[in-house]
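Visitor: Below, each chain spelled out in residue letters.
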Amino acid sequence: QDEQEIVTVVKVAGESWFIRMEEGVQQFGEDHEGVTARQVGPGRADAAQQTAMIQDLVAQNVDAIAIVPMDPSALEGVLRRAQQRGITVVTHEADNLQNTQVDMEAFDNKEFGAHFAEQIAECMGGEGKFTSFVGSLGSLTHVQWADGGAEYMEANHPDIELVSPKNESFNDANNAYEAAREILRAHPDIKGFQGGSAIDVIGIGRAVEEAGLEDETCVYGLGLPQDSGQYLESGAVDGIAFWDPKDAGYVMNILAKMLLDGEEITDGMDLGVPGYENVAVSQGPGEGIIVRGQAWVDVDASNWKDYPF
Amino acid sequence: MHHRSLDPQLLFLLFVNAAVVVAAMVLTGPEFTSAYNFQSMASQVPELGLLALGVMLAMISGNGGIDLSGIALANLAGIVGYQIAVATVDPSVAPLSYILVFSCGALLIGVIGGAINGALIGYAGVTSIIATLGTQLFFTGVAVGLTGGSAQMLGYIPMFDSFGNVPVMGIPLTFALFIIIALAVAAMLKFTKFGTHLFLMGSNAKAAYFAGIPVRSVLFRTFFLSGILASVAGIVIAARTSSVKWDYGTSYVLAAILIAVMAGVRPQGGYGRVVCVVLSASALQLLSSLFNFMALSNFFRDFAWGVLLLMFLAFSRFDYRTWLPMRRPS
Amino acid sequence: MSSATAKTNTALRRSQAVPFLETHDLHKRYGGVHALKGVNLKIERGRSYHLLGENGCGKSTLIKIISGAQRQSSGQVLIDGHERSDLDPIGALEAGIETVYQDLSLLPNLTVAENIGLTEQLVEGHGRLVRPLKVGRVRETARRALEVVGLPDDRAFMSTPVELLPIATRQLIAIARGVAGRAGLVIMDEPTTALTRREVSHLISVIRRLQDEGTALLFVTHKLDEAREIGGRGIVMRDGEFIEEIDVTETDNAEISYLMTGRRLELGRYRAARSNVDAAPLLEVERLTRGKGFEDVSLTVARGEVLGITGLLDSGRRELALALAGIAATDRGTIKLGGERIDVSSPAAAIDAGIAYVPEDRLTEGLFLEKPIRDNIIMSVIDRLRGRFGLVDRRQANELTERTVEDLKIVAPDISASVSSLSGGNQQRVLIGRWLATDPKLLILNGPTVGVDVGSKDAIFRIIQDQAEQGMGVIIFSDDLPELLQNCDRIIVMRDRRIAETFPADKVDEKALYAAMGATARIAGAA
Amino acid sequence: MTTMSEATTDAPAAGEDAMSRSTLYKGRAARWMVRHPAVFPFVLLVLIGLVVGTINPFFWQLANLFDILRAAVVPGLLALGVLVVLAAGGLDVSFTAIAALVMYPVAVFVSGSAPDLGIAPILLMGAVAGGLLGTVNGILVNVLKAPALIITIGTQYAFRGLLLTFVGTALFTNIPASMTRFGQLALFRGTTQSGLNVALPAFVLVFLAAAVVTWLVLNRTLIGRAIYAVGGSSDIAARLGYNVSRVHLFVFAWAGMLAGVAGIMHVTANRLANPFDLAGTELSVIAAVILGGARITGGTGTVLGTVMGTLVITLINNVLILVGVPSNWQTAILGAFILLAGLFYARLDRLAAGR
Ligand SMILES: Nc1ncnc2c1ncn2[C@@H]1O[C@H](COP(=O)(O)OP(=O)(O)OP(=O)(O)O)[C@@H](O)[C@H]1O
Ligand SMILES: Nc1ncnc2c1ncn2[C@@H]1O[C@H](COP(=O)(O)OP(=O)(O)OP(=O)(O)O)[C@@H](O)[C@H]1O
Ligand SMILES: [Mg+2]
Ligand SMILES: [Mg+2]
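Chains as they are written, first to last, in our numbering: chain P, 286 to 594; chain Z, 27 to 356; chain Y, 3 to 529; chain A, 308 to 662.
Quick caveat, the hints were computed from the structure, so don't treat them as lab data. Treat each hint with caution, since some may be false.
As the list claims (entries may be wrong) - Straight-line Cα separation of at most 25 Å, BS3-like style, residue types lysine-lysine; simulated pairs:
1. Z/K216 - Z/K232
2. Z/K232 - Y/K294
3. Y/K509 - Y/K338
4. Y/K294 - Z/K219
5. P/K590 - P/K531
6. Z/K219 - Z/K232
7. Y/K225 - Y/K443
8. P/K395 - P/K590
9. Y/K39 - Z/K232
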């Protein structure tokens with residue numbers, strides 16, 4: 286009973302992103318005596334299954350739950366009960382969630398979107414058409430990135446036109462591919478693509494490659510190095526950025542342990558993980574706080590091989 | 027229908043339920059058998075259980091009857107109910123009427139959706155698998171169209187949240203509601219004219235028509251009821267999650283069928299028992315919670331469900347012939 | 003019979019030494035049921051045999067074993083003197099045993115040609131399926147067989163799925179399949195239930211030709227007159243046992259019934275001479291018309307009267323029955339019951355108006371086979387059994403069922419046994435019981451004793467007379483003329499979708515009825 | 308539901324003749340339609356083409372037509388398998404799980420152990436592995452004697468669980484070179500005015516070949532007829548000497564084989580192997596087969612109809628964007644479309660039955 290049990294619940298088990306996150310979770314367990322850290326996730330991307338899973342963890346009376354919600358709003362009820370039962374709740378990618386003690390964001394989402402837009406604008410030479418993708422309109426962070434990108438373009442590049450914004454890929458590379466083809470058809474002169482979900486660039490890259498437009502287009506977005514590698518090589522995808530899920534998993538567990546140990550989380554704190562050396566703390570929509578790092582990593586054809594995931 | 031109370035399904039399902047509890051006591055800590063966990067599990071059963079009851083009714087009606095539109099209708103009911111409620115009542119001023127308007131709106135959609143299914147299948151004669159596949163997409167599509175795909179937050183209404191999440195006298199209210207509805211459906215099947223007609227129609231539709239059973243209206247009412255059950259599921263989901271969204275519970279379509287079939291509802295029609303559906307739903311819930319407690323992956327749970335279903339079929343094979351009907355010559 | 007002995011060809015002579023098929027001490031048990039208790043059978047080439055016996059005596063079981071559809075529990079089957087106790091359907095077909103099953107066993111979705119012509123290729127491949135299909139051969143074989151039974155053999159007909167054809171045509175197709183190959187033995191389980199006299203007489207000529215070619219025939223039938231026309235040996239079974247072999251032409255109906263049942267039954271007219279018939283009509287049908295079905299049908303039935311309606315297959319009799327029962331819609335005309343115009347736009351409406359209809363095919367149109375006897379009976383009167391809160395009162399339901407079972411002498415283990423566990427005659431009684439429970443003003447029976455043995459027939463006739471006696475109007479649609487002559491007051495004959503003639507039943511004979519139907523009276527005269 | 312016609316009601320005497328004649332013709336036309344099931348989806352295809360082509364002439368561009376064909380390959384292969392099982396009176400919902408359970412390990416294994424393997428042996432591996440998994444379905448159907456739908460729900464869960472629990476879950480993009488090459492192989496290549504490359508991929512031929520072979524099996528072999536026989540009534544077929552269990556084994560093995568090939572084609576076309584793919588598409592594949600005129604009750608259905616049905620479903624999915632339906636409402640339109648088709652078939656069946 287002295288062991289602290291921290292369980293990380295991800296959107297869906299088995300995806301590359303969350304496999305990488307699990308490494309961080311396990312690392313945390315190894316690094317900390319007296320802590321059992323493990324990761325679970327539903328078999329399908331279904332909010333109902335994630336809810337059921339968290340509910341069982343609450344019944345099991347674990348000490349802390351760190352969650353990457355599938356759909357933050359669906360979790361309010363169960364997380365409220367978890368806290369009533371004295372369970373510590375940390376979340377990630379859910380800065381609109383009320384019933385959490387700490388929501389951890391790797392960075393400011395608007396800034397992340399603007400960062401992509403900046404790269405795209407430079408690559409496009411400051412003029413032409415560009416479009417954006419999101420995993421789904423329900424994915425809050427994806428929408429924030431798309432909006433952040435659009436706002437940046439509007440403010441800084443009046444000659445860049447946003448067309449057909451926020452295409453939904455439903456987190457499926459094939460859907461992203463189909464949508465990208467459609468857009469290439471509808472706007473043969475399109476130059477810029479901003480990806481949303483981590484697989485969007487894979488689909489967009491394939492469409493671009495098949496159309497033979499590797500050199501004419503600028504594709505940037507969230508992505509994982511190994512999954513996107515072949516398109517980075519061919520030039521169909523020009524660059525990706527991501528925040529390391531391993532670090533995110535590790536940091537969530539740090540925050541959970543700090544809460545368990547009654548430590549205070551303060552603005553400007555160093556959590557000892559790259560990108561989280563100087564976190565910003567602000568008040569969340571509920572009782573809890575939001576902790577932000579500056580943890581994105583830019584990757585392109587030159588350095589994708591450095592990352593083993 | 028004969029040897030009803032002691033049919034092999036019932037025994038088998040009781041056995042499975044008991045076996046999982048025993049296994050859980052051996053394999054996991056005492057937390058599993060705590061009151062809290064039983065409450066927690068009980069509060070998870072209703073949404074899927076209600077949908078499975080709807081599937082059961084559809085299957086009993088025979089001719090390959092099935093309802094694939096349940097969860098889609100449940101989500102649509104929640105979404106429309108929410109939109110009506112938000113437009114008419116301010117939750118911070120009148121939480122009770124907000125909830126009531128929400129629930130009535132949701133039920134109304136259940137009524138309309140059920141009526142659409144019923145009319146298509148009963149009166150227009152569309153095969154149920156096609157009709158409900160179409161309405162599944164249609165309901166889902168309308169839900170996406172109305173919300174642009176994002177979740178709708180009901181907001182934190184303490185009363186509604188307690189209904190969804192807080193047990194009263196040790197019993198989760200949603201579970202109590204589920205049991206009451208299950209009892210009502212069971213009584214309806216056993217003691218009403220509609221119930222008798224439904225079973226007979228399921229076992230021989232042509233003879234039913236010849237014998238003056240209004241087959242179209244019986245079919246209509248069957249799918250109509252299934253629609254209402256779906257909208258109740260939608261309300262329960264909303265209460266438990268304080269939100270509604272078009273793609274909640276996408277895995278429920280096949281899971282509801284799985285529950286119905288494990289409950290021994292005959293896919294050819296004419297046979298099915300409510301008590302078995304309830305036990306079947308609870309068996310799956312117990313198993314699923316057990317796996318979560320044991321930190322086994324959800325994928326393994328899917329695997330186990332599949333194997334369990336096949337095992338169940340193998341088990342019932344011993345007795346299958348005695349309750350398999352003599353084949354009708356065509 | 004006569005032609006079989008008259009012509010002797012080589013095939014016949016060769017076969018004289020060894021019978022085509024023999025069974026020794028055949029037993030069959032279905033769980034607790036001992037269906038066959040040591041049956042010895044000998045079937046010689048070129049002869050006809052008739053299996054006679056009550057429902058459930060084991061006829062179908064015996065046939066299923068010979069045709070390989072089921073395996074015996076013990077005992078032997080010998081074909082051409084060789085032991086073949088391990089027959090499966092393909093084995094039986096290879097040995098030259100073709101079977102026309104009682105349910106016809108046609109594949110509804112396959113075409114006429116395929117239903118007839120595929121078996122041949124299946125047998126050639128010894129049941130192996132991974133072989134090319136000879137499409138031309140299928141059609142050729144089918145054409146030959148269709149010609150034999152007198153069905154059209156044009157391309158359109160041959161490529162029609164069987165399910166779209168009327169039942170009589172299907173029966174002929176099943177027979178065509180049976181005679182398509184050069185079988186040593188053709189088994190027919192009640193092959194004429196859907197056939198009109200004209201078709202039956204054609205079938206009999208086909209049978210004679212097969213006999214001449216050396217084929218043996220084994221019939222199961224409840225129509226003794228037909229058996230007598232065909233001639234040959236009668237094998238009487240009772241309760242799974244062989245009782246006696248007789249010459250069917252030389253044994254009269256009373257004697258055969260006695261052998262089958264072990265009881266003496268009345269064979270004369272059941273109908274007492276105009277006992278209790280009202281003067282005023284109960285049912286008045288005026289100028290009723292249904293598209294292609296029937297035209298301008300006007301008739302009346304009085305309270306307590308039993309009216310028979312017969313006619314050839316396409317005479318419109320079946321459609322008229324369906325129209326009166328509210329199942330087939332009508333275009334024109336009126337129906338009055340008890341002086342009031344009634345609505346029969348649906349079965350439910352007809353039932354409400356006081357009409358009960360016992361359909362032709364009890365298995366698919368009448369009964370809920372896997373449901374308990376109770377549910378089958380009470381379903382039509384649920385409204386009457388509803389107690390508090392409109393819920394069905396189980397106790398009353400059981401009482402009603404028990405009363406019906408007793409009144410109609412239904413033999414059943416208990417009222418929650420499924421109807422499928424009953425024999426044909428008892429099943430039919432359950433069905434009649436359902437409709438009597440509604441207390442109808444008018445009872446319509448369509449082929450009430452099709453495939454029912456003499457013992458059950460007797461019971462059913464008594465029920466009908468009993469009801470008429472109590473003032474119910476009864477219409478019997480049937481092509482079993484003796485049945486109509488025994489039971490009715492008047493008999494209406496339909497021809498070409500109209501009423502042709504009406505006869506008083508006690509002053510008419512089969513010959514006159516056949517003449518009115520437009521059928522050749524040759525066979526009726528011979529009988 | 309009921310076989311009797313309720314079409315003719317009390318019509319006034321005058322117009323009666325004309326009316327019954329028109330119902331007669333309708334009935335005849337309906338029965339003709341029932342016996343030529345490819346006609347309805349074909350007419351739909353043409354109608355949709357005309358309507359969409361008028362609204363947006365872009366529809367008729369080669370690039371777009373190629374896209375539809377390309378997108379039809381995987382669902383088409385799966386649909387052929389569903390057709391064969393449906394013809395034998397069963398219903399299979401495990402085929403997507405089979406496809407995933409074949410494509411993922413094959414892709415991972417080949418790229419790990421024999422990265423230079425050609426596309427033909429890879430397709431063969433897929434076919435054999437799929438066939439074996441299908442055989443498992445067939446054996447279970449024979450042994451457990453339960454409806455195929457139920458058994459395949461069980462195996463769907465089991466196969467998927469097996470794949471994701473014991474084989475792997477991670478997206479796999481490093482697929483064998485021969486698959487990438489085959490996926491990009493073009494039968495026809497061109498460039499649009501706007502400078503986009505368009506290509507008709509060669510793997511469309513795999514679908515074509517599968518359709519032809521399945522047609523031959525169904526119509527020119529004894530087992531093809533045996534499949535329909537068993538679908539018509541398995542009891543009767545058994546009594547007539549058809550080996551029902553062998554037919555079951557065959558149809559499920561065939562469906563499994565096609566699913567295995569479909570899985571390989573899915574990876575080939577998409578250049579990545581995602582074990583989560585294809586799950587959840589089974590109902591729309593079944594809908595395509597039904598749209599092609601096969602009945603859910605079994606014993607009917609044709610290859611041509613199935614191909615047409617697949618094209619219709621693919622087309623609808625594809626053209627909504629062209630017509631300008633906002634993406635939020637596309638699902639609803641697709642649903643409405645399936646309902647309309649369902650209504651049409653129901654009406655057709657009634658007309659055909661009520662002569
Ligand atoms: N599949 C079966 N399972 C159990 N009992 C059976 C089965 N088939 C037949 N029986 C029993 O075997 C006995 C003989 O049945 P069978 O079908 O041979 O009678 P039958 O002489 O053909 O009757 P009918 O004239 O009604 O056709 C019956 O008592 C019946 O109950
Ligand atoms: N699977 C079965 N289980 C139990 N009894 C059976 C089964 N199959 C047939 N029987 C019994 O066999 C007997 C005769 O069966 P069969 O099907 O030949 O009757 P039938 O055709 O209704 O009678 P008939 O043809 O004389 O009207 C009945 O008593 C029936 O209950
Ligand atoms: Mg029999
Ligand atoms: Mg019989």
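Visitor: Taking the hints in turn, state whether each one holds.
Guide: Hints, verified against the model:
1. Proximity of Z/K216 to Z/K232 is assessed by CA-CA distance (about 22 Å); at most 25 Å being required, the pair is judged to hold.
2. With a CA separation close to 22 Å, the supplied pair Z/K232 and Y/K294 stays within the 25 Å bound.
3. Of the pairs offered as hints, the one joining Y/K509 and Y/K338 is violated, with about 28 Å between alpha carbons and a cut-off of 25 Å exceeded.
4. Our distance criterion of 25 Å between C-alpha atoms is broken by Y/K294 and Z/K219, whose separation comes to about 37 Å.
5. Restraint check for P/K590 and P/K531: satisfied, since their Cα atoms lie roughly 17 Å apart, inside the 25 Å limit.
6. For the given pair, Z/K219 sits about 18 Å from Z/K232 by alpha-carbon distance, which is consistent with the 25 Å threshold.
7. Restraint check for Y/K225 and Y/K443: not satisfied, since their Cα atoms lie roughly 31 Å apart, outside the 25 Å limit.
8. Restraint check for P/K395 and P/K590: the C-alpha separation of about 28 Å exceeds 25 Å, so the hint is violated.
9. Distance check on the hinted pair: Y/K39 and Z/K232 sit about 37 Å apart at the alpha-carbon level, beyond 25 Å; violated.
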